[in-house]
Every structure is written in structure tokens, then in C-alpha cells.
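Given chain A's structure and the hints, the job is docking chains B, C, D and E onto it.
Protein chains in written order, with this note's numbering: chain A, 1 to 386; chain B, 1 to 202; chain C, 1 to 210; chain D, 1 to 123; chain E, 1 to 213.
Since the hints were made in silico from the structure, they are not lab data. Being a predicted model, the structure only gives us computed values, none of them experimental. Idealized CB from N, CA, C, for every residue including glycine. Each hint should be verified, as a subset may be incorrect.
[Unchecked claim] Examples of chain C residues toward chain E, derived with CB under 8 Å:
hint, residue
1, M167
2, W168
3, F171
4, P175
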Amino acid sequence: MSVLTDTPIDLTPDLPNDRSEGQLLEVSMGPQHPSTHGVFRMDVTLDGEKVVKLKPVFGYLHRNHEKIAENESYLGCMPYTDRLDYICSITNNWAYALAVETLAGIQVPERAEYLRVITGELTRLQNHAGLVGFLMQDMGASGTPLMYAFREREKVLDLFEALTGARMMCNYMRFGGCRVDVPSGWLQAAQKVIDGFPKFLDEFESLLMSNEILMARTQGVGVVTREQAINAGISGPMARASGVNYDLRKVDKYGIYDRFSFRVPLGEHGDVYDRYMLRVLEMRESIEILKQAMRDLPAGPIMDPNTKIRGFRPKAGEAYGRIEGPKGELGFYLISDGSPNPYRFRVRPPSLINLTLLEDMCLGQNVADIVIILGSVDIVLGEVDR
Amino acid sequence: MLGEGILKGLTETARNFLGSYVNKDRLTTVQFPEERLPQIEATRDFPFLVYDGSDWQAGLRCVSCQICEKECPPKCIYIEKSKDKKPDVTGKLQFYPTTFDIDISVCMSCQICVEVCPFDAIKMNVEFEMSSEDRFGGLLLRKEQLAKSNEYYNKIHPTEAAAVDAALAEERAKVEAKARQAAEAKAATPAPVAAPVAGETK
Amino acid sequence: MNLEEIKSEIETNVPGCRLEIIPNGSPSGQHSLLVDADHAFAAAAYLRDAPNRQFDYCSNATGIDWPIKEVSTKVKTKKIVDGVEKDVDEVVKTQTGGYLEVVYHLFSVELRQGPLVLRMRTEDRAERIHLPSLTPLWRSAEYQEREIFDLYGVMFDGHPDLRRLLMWEGFEDHPMRRDYVDPDDYEYEPTAHDEVLKRAQAHVAAEGGR
Amino acid sequence: MTNPIYLPVIVLLLGGAGFAVGPLALAWVWARKYSPQKSGPIKNAIYECGLESTGDAWIKFKPGYYIYAIIFLIFDVEAVFLLPFAVAFGGFTAAESIAMLVFLILLVEGLVWACQKNVLSWS
Amino acid sequence: MDEQLKSELRRQGVVATSLQELYNWGRRSSLWPLNFGLACCAIEMIAATMARYDLARFGAEVFRPSPRQADLMIVAGTVTKKMAPQVVRLYNQMPEPKYVISMGACAISGGPFKQGYNVLKGIDRYIPVDVYIPGCPPRPEALIDAFLMLQKKIDEQYLTGPNRPRHLNADMPSEFVVPEFGTHDLVPTQNSEVWKAPLVNISIAGKNESGRD
Chain A
1 MSVLTDTPID
11 LTPDLPNDRS
21 EGQLLEVSMG
31 PQHPSTHGVF
41 RMDVTLDGEK
51 VVKLKPVFGY
61 LHRNHEKIAE
71 NESYLGCMPY
81 TDRLDYICSI
91 TNNWAYALAV
101 ETLAGIQVPE
111 RAEYLRVITG
121 ELTRLQNHAG
131 LVGFLMQDMG
141 ASGTPLMYAF
151 REREKVLDLF
161 EALTGARMMC
171 NYMRFGGCRV
181 DVPSGWLQAA
191 QKVIDGFPKF
201 LDEFESLLMS
211 NEILMARTQG
221 VGVVTREQAI
231 NAGISGPMAR
241 ASGVNYDLRK
251 VDKYGIYDRF
261 SFRVPLGEHG
271 DVYDRYMLRV
281 LEMRESIEIL
291 KQAMRDLPAG
301 PIMDPNTKIR
311 GFRPKAGEAY
321 GRIEGPKGEL
331 GFYLISDGSP
341 NPYRFRVRPP
351 SLINLTLLED
361 MCLGQNVADI
371 VIILGSVDIV
381 LGEVDR
Chain B
1 MLGEGILKGL
11 TETARNFLGS
21 YVNKDRLTTV
31 QFPEERLPQI
41 EATRDFPFLV
51 YDGSDWQAGL
61 RCVSCQICEK
71 ECPPKCIYIE
81 KSKDKKPDVT
91 GKLQFYPTTF
101 DIDISVCMSC
111 QICVEVCPFD
121 AIKMNVEFEM
131 SSEDRFGGLL
141 LRKEQLAKSN
151 EYYNKIHPTE
161 AAAVDAALAE
171 ERAKVEAKAR
181 QAAEAKAATP
191 APVAAPVAGE
201 TK
Chain C
1 MNLEEIKSEI
11 ETNVPGCRLE
21 IIPNGSPSGQ
31 HSLLVDADHA
41 FAAAAYLRDA
51 PNRQFDYCSN
61 ATGIDWPIKE
71 VSTKVKTKKI
81 VDGVEKDVDE
91 VVKTQTGGYL
101 EVVYHLFSVE
111 LRQGPLVLRM
121 RTEDRAERIH
131 LPSLTPLWRS
141 AEYQEREIFD
151 LYGVMFDGHP
161 DLRRLLMWEG
171 FEDHPMRRDY
181 VDPDDYEYEP
191 TAHDEVLKRA
201 QAHVAAEGGR
Chain D
1 MTNPIYLPVI
11 VLLLGGAGFA
21 VGPLALAWVW
31 ARKYSPQKSG
41 PIKNAIYECG
51 LESTGDAWIK
61 FKPGYYIYAI
71 IFLIFDVEAV
81 FLLPFAVAFG
91 GFTAAESIAM
101 LVFLILLVEG
111 LVWACQKNVL
121 SWS
Chain E
1 MDEQLKSELR
11 RQGVVATSLQ
21 ELYNWGRRSS
31 LWPLNFGLAC
41 CAIEMIAATM
51 ARYDLARFGA
61 EVFRPSPRQA
71 DLMIVAGTVT
81 KKMAPQVVRL
91 YNQMPEPKYV
101 ISMGACAISG
111 GPFKQGYNVL
121 KGIDRYIPVD
131 VYIPGCPPRP
141 EALIDAFLML
151 QKKIDEQYLT
161 GPNRPRHLNA
171 DMPSEFVVPE
181 FGTHDLVPTQ
191 NSEVWKAPLV
201 NISIAGKNES
211 GRD
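In isolation and in its complexed conformation, chain A is listed as follows (with noise of 0.2 Å):
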């Protein structure tokens, strides 16, 4: 339209979409914040939507679970790991129990060890189910997926209470064995939740799976490479989203893991898609194994009778034990020097290194995908900050 010049005038010069002069904006998703399960605080720099900077604070719920452990018993501390992750509180009491185990060198009766794999299937079922309910809570379908997520995991919570008293912190595992034998008329009920659960899942699938908004914005979001994962120490639901095949159930083979059959499902993407559908799997899984248990569990003693309950003193040494817990590899490092305290208590949080890569996954997605990332980490304060 311009004649005077030979160069043709742009009028409307291309819009600085990309170039962004705005300044960063520093703000801290803190300790009270809807989408952080709890009170864990990130600094978050951000160009307008984009992340730039996110640095993770913790220690807001440390609670000095360790130093407290060393003024207290052995059997005093079991109660304690109820609290570490309070979602699954079995599969805690269970790693505490295998470690001092391994310290003490302490067999596990039959019945006590398909015991041991009922109520801790179980609580991985309940902490799926709720983890997934939360994570599309964090999405926004606020309610509806929480609704049946929580539903299911109330007839969980039923199980545990008829069993071991409590709803969440059951204290149920002693050294040797469980404290307490399933009373009459708990393996049907228990039968029939897990015989229901399936249908809760194809519930759930049909509610979830195929649907448009899930898919475009997990796909691709807060992705980490396979030897990220390794380095990283990732471990659990989310290594195996990267496709690390690296299940404490198959590897350590502890417990009477290696009589049932199940398999350990892999993702290629390591998104938050993967994640999601992880734990949508497992839970399956977690059903199957949980079926072949209810099947072949034998009569007999649950409590190997020569482990004393008071003034337990295991010899002087450490050990460090292991289990899959739902949040990836729960390990407890003892170590005891004869006396009835462990001179150090030291636990092993999954959550807390499955956090190391929350950074990188974040840098250069949306503030928004921030609260995805952190909700498919599944992390639980209380073993965060412990």
C-alpha cells in the first residue's frame, strides 16, 4: 500500500507474541495452598504463564519422627510409622516390621506372611484409588471422581477397622508377625470388596479414560526420561511411568511375593498420563494378586511365638529393609547397638525423592501443569518432612 518508499512498510509490525519483555513474576505457592496435599511450599518465578524458577520448600510438617524414635522402644515405635505416610499406614508397619526383621533375624509364620500381603494390597488399592480421585481434583473436575474414589476407599477403611481397630492408623504388624487374626466374617466381606472393585475401576475407566480434557492436558506434561528416573532415585508408579522395570515385589521377591502371579505394568512417556494410568493398572494387578491370597490363605499361628513384645533387644548391628510401598521404595535403615532404643531410625521416603525432579519436569510448562505434576508425584507430607 506504501508507494514513497521501495521497501514495502509493515503497518502492522508482527506482534511480540514471542518476545516477552514482561518482567518475572515471584510467587510462592505456599503452605496453605488447595493443590498442594498438605503444607508443602514452592517458590515459583514465573513469565507470565510460563514457569522459569520453581524451588521446592519443605520441612513444614517435620515432625523429628526419627529423634523421637530414638527415645522410644522398638515395639514404641510401630505406632509411630502409622503416621509417616497416613494414606497407607499398613504398608508402613509392614517396611518397619521387615527391617527389624532382617535386623533380628525373625521368621514369619505362613499365615502371618498372607496376611501380611492381604491388608497391604489392600491399603495399595485404597491409596490408588484416592490418589486418582486427587489427582482430578487437582485437574478440576472438583467432586465427582473424589465421590467415588472415596467411596470405595470408606469399604476399605471398614476392612481395616473390623480387623485392627482403627481406620487409618491400624498398628496392625508386630515383629514376626500380626498382632491380631481376622475375626469371624471378614474374609467374605473382605471377598466381597475386592470382587466389587472391579467394577468400581470399569466405573471409573468409563468415567475417566476416553475423556478429551484428561488427555490434552496430561499428555506430554512433566515428562522424565528412563535414566533421569534411575539417577533421580525415582522409584514406585512413577519410574515404572519412565519404563524402569524395577518392582521391589519382582526384584527383592520378599514376603511370599514370588507365589503369585501378577504382572508389573510399564509406560513408555513417563507424562502424567502415564502416571495416571499406572495407577489404574496396579490396582488391577493389586485385585489379582489379592484373589490368588484370599484363595490359598492357610490356617496357623500369625505370631512367631519366641519374639518377645516387651524389651525387645536385638543384637547390636543394622540393617536396612525394603518394601514396595505404593509411593515407590519405603525403606527403614536401623540400627541398634543392643540396647531396647535404636540408636538411629532413619527412613527411606519415596515421596521425597520422587520430588528431586519436580523442577525439571515444571521449567517451561504452565502454572496450571504445575498442580498436575505435583499431584501424579503423590506425595504425603507427613514422610516428606517426616
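Relative to the frame of chain A, chains B, C, D and E by itself:
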């Protein structure tokens, strides 16, 4: 086609919504104050002291051996031993606690005190409506608030209580059998001295 | 995966590295390998990159505080007692501890190898508490080393971002050490007995009655 | 005094204003009579997840957001203008529909230009 | 308005009430809790809002994330010393008719973690608490029971007169000091306006008296 997944999700919620008119177990809400969940037998909330017979002062099983005070992880039990002794159910002279407080604002209902108590004197209650507006008076249960009868224990934990009663009964039977043998052994050897001092224990 | 083999392998590949096998008394049989501080990084790098070892997964890093402790052990020694040789057991007082220790549990995901326990010790518990950080080798050690620095005070050289992990910035001492004294925040407790009661009495005495 | 035809409109206006102002006035009276104002330095501080908020929120944003918002505003307001057009769609003469068409074409041409300038692509 | 006349009117379908009852009824039926979970009790609080225990029946299922729109703070979980200043600042930033439910043993007295160096031994050291719920964690029904207790407490509040509640009383403080991070502990360790531990003669506690008045 686009949106087909969302429609499937909506039909799922619709089926759940219409289903709740048809089959009852889709309605999971329990209207708490009026309608309550059926009491689960093994529930444990806060400890209580068991006493036999009718008078809680005399029948209290606790002999204040203070094992639970030492073993309690958060240390929320406070016991003071009595100087004198009182006869317990089997007639044997035992100490009794003059004060037995449990601070339920610290207790984490882990029932380790129940596990380590050699006399089955402390059990877990099922009563959970203990919220109060006064922290120091309302949340410190003293001996009189803690003591509950054995019948109450049988009412809330029937199977467990039956097992405990059977064990105690058998133990008492053994104690009586031993006492009877000791009495016969004393009677069988008619000592030249005068008749034994009339029943100092019974 | 026995330790002697690994010990000899490291000694050949990492010249001048002083290694020691620490036996473990408990039946768990997890003996550990003590590496001296200045060759620790090279030894760890070897363990990670050696094709037949490939310890690529550092699962756990733990800090332990060993204060100085008098250990009296009875030793049977032959002594000349007034001209006659008799074996008499006399008490030998040895000092153990007096250092901060960091323990790493290494696993191999590729070769499914069990826990290799690697230990490093500082010279003493006051000033010389520097240890090489293994975060450049395994990212998983980053937060755990920050926590050890926060709660035990071990300074990790080469750590990308050594700040306090759990306590607040202005906090000064290292609470997980054995000789840490809790701040005297006297609190009213209806069921105060034994050490809690002693602390409350000390506070009341210090403050001169309620 | 006023033409009776407009009476319902005035009543409607007063009713609407009364409906809006009434509760506010009541609340204002209530606050003055019963519950006093209790603002303080910490209460009026900026809320940032429980922390003391550092830094300033008034920063320069990327211009892309502003342009995106303006384009949305334009087409939102345009919809309001289309409303009477849509309501009385039946009885339109050619002239009126051409006028409306011109209005529509102008705006759509603006939209095409914006898309071509990839302003609406959300990187 | 005596009760008998009121019940008679109600049977006829006429509700007679006073401004105070209406005011209290309105506020207690729509208590909006602040979305503020700290630890394990938060999971039980979420379970209380879910389908089975349904806190919505008491008008309290709207969990507001920002303190500006909340009038009830449920402190659910362990308050650590690093978190205490944030809790008190959030409480200060809530608009005035505000209540606090201290849920769980940790929020009342530090609970099982009270021997920890980083654990605050109870939130009532810094902010006034209305209802305490013991338990670790308390069952969702216990939380609903505490809700009923709080609602009864709001019902009995007066609009005027000497003992009207704090938010209707101009000279009662609505803000409490926010503790800072000292080098070893929080400074000040407790707020004496709020924290009134009973006078206890600790010196003779060791002998026979059991450590309280």
C-alpha cells in the same frame, strides 16, 4: 469423534444418579447424629479401666504396676501407687492406683497399653464423642471417669471380652486349686501345735 | 556380590584409595565398605560407571552421629604378677566414635544387585566436618544430603545447593546430634512424669516459680 | 407529569435499584450498630498462602495477554449487538440486513487478520 | 416470648423468633471452613466432606482456599514451629466472626509428637480455640459432633450486653502477635493473652501430688 469421551463420562454419572433411586447401596450417606453406622466390634478410641463386680473402687483390676506408663509411646498415662493394699477379686492383697490419669489430648489410641498389660486391666473404649471446649479440665480423664464395669466391656467387645473372661476364670480356678492344696497339705500334717490360725487369707 | 571382590576392584582402579570392610553384627549380613573421604568421589564414580558393577541407583543416604564413647573391654593378657606369669583380664578402655558418618545404600537396577553399603566418616564432630557430595553422580542424593547437612551439620563439598532442608533458615544448631539440648519451651502437661517432669521443674526453678 | 407509558419502566428501575441498594444499606446499618470494624495491619496485608508477601504484583505482563483479552472483549460486545438482530430476525427489509451484514463482515475480517497475525496462538 | 407460646405458634405454622436467634441461626448454618489441612487429620476432614459422612448437611462443605472468605479455621494436624507463624497470620487475615476448631491430639497439645524439637505443643498457645477434638485422628463423626457443639455455642451468643462475643465487641483484639523465627525457638514462645495454663505447683509434683492444682 471429539467429545465422545466426555459423553461417556456423563452417561456414567447419569447411570449412577438414576441408579441411586433404584438400588440402595448407591446411597452411601449416613445421617450421622440421627442414624449411625453399625458399631464395628474391634473399634478402639480411648483406653478405659475394667473393674469386676459392682463397686468400682474395690473391683478395679489395675494393680498399678506402671508397665503401661513406661511403655506408652507418647507418655500420656500418669499413675501413683497406693501405699496400702486392698484385696482384689481373688482375695489376694494387691496395690491399687490412687491416681490414674490419661490425658486424651495426647493419647494416640495405639492400644500398646492394652497389649503390655499383664492383668487385662486396661481395654480400648469405642466412645468417640469426647470433644470439649475446655482443654485442661475436659480432656484429662481421671480414675473415676476411666473405670467401666466388666459387663460394659462384654457389651462393646463381646468376643474379645469372652476370651479374656475365660482366661481369667481359668487362672482364678488354678489359684484356688493351689490354695486348696496348700490348705489340705497344712490340714494333712496335724501339727502338734494348736489348729492353724483361722484363715488368715480367705 | 561379595565385598572383598569389590574392595580389590576399587583399589586397582582408584589408586591410593584406603578401603576397609566393616562387619555387621546382625544376622542381616549387610556388611559395609568404609571409604576415606578424599577418594570417595572417585570410588563412587567407578562403582557407578564400571560395566560389571553399574550401581546406578543410590537409594538411601543417611547421617549418623557417633559421639565419643568409652568402651571398656576385658582383655586376657599375660602379665608378670609378682614373678609368676598369669593371664589376668584387665579392663582396656578404648575410645570409639567421635565422628559424623554418612552411609549410602547403592543398588543396581540393570544387574539387580543388592544393597552395597558405602560409609564415609568426618575427622571429628566440631570443625573438620567436610565430606565430598555424591549428588553430581546420583541426583537422588541431593535432598538427602541437604537433610544430613541440616540435621547433623556435615558440610558436603560440591553439592549444587546446600541449604537447610527441614528447619527454618535462621535455625542455628543441628538437632539430630546426640548432644542437642531441646529449647526450654516449658509446657504445662497434666501427666508429666519422669524426664518431662524434671524438665518442667528445671524450668520453674529457673523462672523462679510459676 | 410523566407519560403513563413510562411509569412501569420507572417502577422497574426503582425496584431494581432498591433491590440492589437495600441489603447493602441494611448491612451498613448493622455494621455501625452491632459489629464494629476491626481491621489491623496484619489483616490488611496481602494474603500469599500464609507467608509475608515479598515483591510487587504490579509487573509488566507479556503484551500477548492484553491483546488476547481485547479481542475477546470485542467479540463479546458484538454478540450483544447481534441480540436484537437475532430476536427480530423475521421482519427485516433488504437494507436493514445489508447494514447488519456490513457490521458482521467488518468484525469477521478483523478476526481473520488477528488469526493470520497468529495473535491467538497460545504458545 | 416464652417457649410454650412459641411452640404453640409453631404448631399453627407461624415462626416467632428474635433478631438474635435469626442472626445466630444464619451464621451457624453456613460456617465456611478454611481449606487448611496439615497432616493425617486433614484426610479424615476430607473423608468427613465426602459422600458417606457428608459435612454438606451442616452447610459446611464449601472449603474456601483463601482466608478472606472463610469464617471457621479447622486446624487439622500437627502445627510445627516452622508452620506456626503462617497459621497465626492466616487466622489474623480471616474476617471477624471467626472460630477455630482444634482437631486432633497434635493441634491440641502436640499429641504423640510433643517431644519433638520442631513441634508446637498446641495451637492454643497463639490463637483462641473454640472446640477441641481429641483423637489421633478423630473419626469423621467426631468432627461432625464437634461441629454440632460449635453450632450450639454460636446459637447461645448474645447480640448486645456485656458478654457478647469477641467479634461484636470493639475493644476485644481480633489480631494476635505473629511469632518470628528465633535462633533456637519461636520468639515469643507463647502469647500470654491467649495461653492461660492453669497455675500448677510443679515443685511439689514430684512428691505425692500429681502435678496439677
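A quick look at each hint next to the structure:
no. : hint : verdict
1   : M167 : 7 Å, holds
2   : W168 : 5 Å, holds
3   : F171 : 7 Å, holds
4   : P175 : 5 Å, holds
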